[in-house]
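**Q** Protein chains in written order, with numbering that gives the first Met the number 0: chain R, 0 to 375; chain G, 0 to 375.
Since the list can't tell identical chains apart, any single copy or any two copies may satisfy a pair.
List time: in silico SDA-like cross-link candidates among lysine to any residue, alpha-carbon distance up to 20 Å:
no.: 1; residue 1: Lys-42; residue 2: Gly-276
no.: 2; residue 1: Lys-42; residue 2: Arg-323
no.: 3; residue 1: Lys-42; residue 2: Asn-275
no.: 4; residue 1: Lys-42; residue 2: Arg-274
no.: 5; residue 1: Lys-222; residue 2: Asp-360
no.: 6; residue 1: Lys-42; residue 2: Ile-325
no.: 7; residue 1: Lys-75; residue 2: Pro-298
no.: 8; residue 1: Lys-75; residue 2: His-63
no.: 9; residue 1: Lys-288; residue 2: Arg-67
no.: 10; residue 1: Lys-8; residue 2: Glu-26
no.: 11; residue 1: Lys-106; residue 2: Thr-154
no.: 12; residue 1: Lys-75; residue 2: Asn-310
Simulated from the structure, these hints should not be mistaken for lab results.
Given next are the chains, with one letter for each unit.
Number of protein chains: 2
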Amino acid sequence: MALSFTVIKTDASTGARLGRMATARGEVATPVFMPVGTQGTVKALTPAVLGELGVRVILANTYHLYLRPGHRLIEKAGGLHDFMNWPGPILTDSGGYQVFSLGGLSKVTEEGWTFRSHIDGSRHLLTPEGAVEIQEALDSDIMMCLDECTPYPATFEEARRSMARTLRWARRSLEARRDREKALFGIVQGGVHPSLRRESLEGLVETGFDGYALGGLSVGEPKEEMRGIVAETAPLMPPERPRYLMGVGTPEDIVEAVACGIDMFDCVLPTRGARNGLLFTNGGKLVIKHARFREDLGPVDALCDCYTCRNFSRAYLRHLFMSREILAMILNTIHNIRYYMNLMERIRAAIETGRFGVFKDSFLKREQETGGTNLD
Amino acid sequence: MALSFTVIKTDASTGARLGRMATARGEVATPVFMPVGTQGTVKALTPAVLGELGVRVILANTYHLYLRPGHRLIEKAGGLHDFMNWPGPILTDSGGYQVFSLGGLSKVTEEGWTFRSHIDGSRHLLTPEGAVEIQEALDSDIMMCLDECTPYPATFEEARRSMARTLRWARRSLEARRDREKALFGIVQGGVHPSLRRESLEGLVETGFDGYALGGLSVGEPKEEMRGIVAETAPLMPPERPRYLMGVGTPEDIVEAVACGIDMFDCVLPTRGARNGLLFTNGGKLVIKHARFREDLGPVDALCDCYTCRNFSRAYLRHLFMSREILAMILNTIHNIRYYMNLMERIRAAIETGRFGVFKDSFLKREQETGGTNLD
Chain R
0 MALSFTVIKT DASTGARLGR MATARGEVAT PVFMPVGTQG TVKALTPAVL
50 GELGVRVILA NTYHLYLRPG HRLIEKAGGL HDFMNWPGPI LTDSGGYQVF
100 SLGGLSKVTE EGWTFRSHID GSRHLLTPEG AVEIQEALDS DIMMCLDECT
150 PYPATFEEAR RSMARTLRWA RRSLEARRDR EKALFGIVQG GVHPSLRRES
200 LEGLVETGFD GYALGGLSVG EPKEEMRGIV AETAPLMPPE RPRYLMGVGT
250 PEDIVEAVAC GIDMFDCVLP TRGARNGLLF TNGGKLVIKH ARFREDLGPV
300 DALCDCYTCR NFSRAYLRHL FMSREILAMI LNTIHNIRYY MNLMERIRAA
350 IETGRFGVFK DSFLKREQET GGTNLD
Chain G
0 MALSFTVIKT DASTGARLGR MATARGEVAT PVFMPVGTQG TVKALTPAVL
50 GELGVRVILA NTYHLYLRPG HRLIEKAGGL HDFMNWPGPI LTDSGGYQVF
100 SLGGLSKVTE EGWTFRSHID GSRHLLTPEG AVEIQEALDS DIMMCLDECT
150 PYPATFEEAR RSMARTLRWA RRSLEARRDR EKALFGIVQG GVHPSLRRES
200 LEGLVETGFD GYALGGLSVG EPKEEMRGIV AETAPLMPPE RPRYLMGVGT
250 PEDIVEAVAC GIDMFDCVLP TRGARNGLLF TNGGKLVIKH ARFREDLGPV
300 DALCDCYTCR NFSRAYLRHL FMSREILAMI LNTIHNIRYY MNLMERIRAA
350 IETGRFGVFK DSFLKREQET GGTNLD
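So that you can see chain R by itself, here it is in the shape it has in the complex (with noise of 0.2 Å):
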């Protein structure tokens, strides 16, 4: 296998797992959050902060890469590491969910996506197998099958037709894999639909990949819908690979997901959450900019050990806020990201010391009582 997961620990009381991925790249510790680096680079962050804020695996994404630099001149400067100058692991989607929600007049048919470049219009054809070779060129260290994201709403039928022509990618996809280095996972698609979801699901464990992802939530549809879906795949999901729930997502998600025992996540939600002043801290969600922080000079979170929170008060980033300083992104994101990994710690700990179905609970109690997060 391109990839060993070793899960160390299953909580009793949830299906909570501990796990442990070890890639070319080092080892990782597992339900781990991915920061969302689209660009190559981690929004407002050098890779060398990223480090000491305890990140171990980042994700990069395939669409914005191959259209800006590309992926050749990205291979020619030794791969996607050694251009963005990070050593850790990187996963990459496949670019299908961007050229669905970005590109241009984008069309889907059984030979691939085309669409036009967001940037300046061009007309690109990403296949299944262009989709490999890019994720190859970059030297990824997971690679994800190109998908068919299932829009919502859609009708059974809509999405029965989505889900299997995604099986039908994920099997290309694994055929043009020429690196078996490099780690390949499937997405099961299928929409709100459960048995379409079992459905994705068993095709493509018979197919046989590296981790299994939940693709095209988070797209529209109700919290419910999401949570749901998830409780009822996940369990299906074969318990010795990797599950990785896509593109979600807040703390309460996570820690929902978790229980159902999903074991990677990414989000942009706190980068892009930072760059417009929503906080994240211990006793709720922060919006900087608000009146009240105008003269308030204790720190983001007291018991938050990031270098913002250690040397900075709301009163200083508000008015960096407000003054639309540069330093306000970088502040706001290096807490953010701090409190992720500081929650993934704790979820991590909280599986090992036999507490996470308390921790589960008493976490999203607590975060109902400070209001959640409420991002419409």
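Put chain G on the given structure of chain R with help from the hints.
**A** For chain G alone, coordinates are given in the frame of chain R:
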């Protein structure tokens, strides 16, 4: 004296001086370059990074901090050092130049400057006494007297009237100072007229300040006029006190002014240039967006020891810049500030070892060969 200053060595062939400035917040070797931290942050850098780059003193803008977040809030936070977490000395300007260049409908009377905030249009009056009060509230280490920056061009009579008012304001500033631990510098005005500059300087010296600055330069006058005024005025400034050339400048300007006996500099060029993709190197200036850097896998400057040059290629920096990534501004600023700090280290070493004249000639020759800093 609020500020002790010692000239350690004067160059034999030029007027260059190696000095040491002792403040309550540490010693500073001169000639020194002070990065600009307009709104309580040197744009795109954390104070931790600033320290690693070798920065010892920074400049903050009174006008900006007075308007936002307000000097009273900063005073409440324990002063600007605590507010922004910068432990080293801070020099604050008086706000005069910013009122003149940024304030709306600014008008000067004998009392002071009236202006409208560029943020919300509110009306304000900035007097010499008020400028000292604000700077004391900020807990500045080196304060500047409010001056009336003479526009360019100005008639001799206009320049004379403005210079005379600046002199009267300087005396009022000194009388307004409450905290004698804080240094107060007088600003020499007089436009491009050597006789007025001399008269301004004599008046200030008679009053007696902790240091003397040349103001009203780099405001649109031809480079040669600026250099002429520095060359004629600097040698007349009291040798036992620090000499500060405000708002200057390019590496060439700095080397030339050091040769005239200037000890202190500040300029937005390295930081603003970095954000616009202009990089200073030992092989001349680079505009990183140029297509010729697209596949250039070498560092920005092979002779530079900064984090950016040790870890990233020109191709990566170009990609970040073209993609409008925040990391582009961070990495470019790190490099440019390190370039300026290295330049000052080389200047001081050259004075110390008696080679400054040779250093200056070869530096200016090489700058000329590589195109100099063409900012037009």
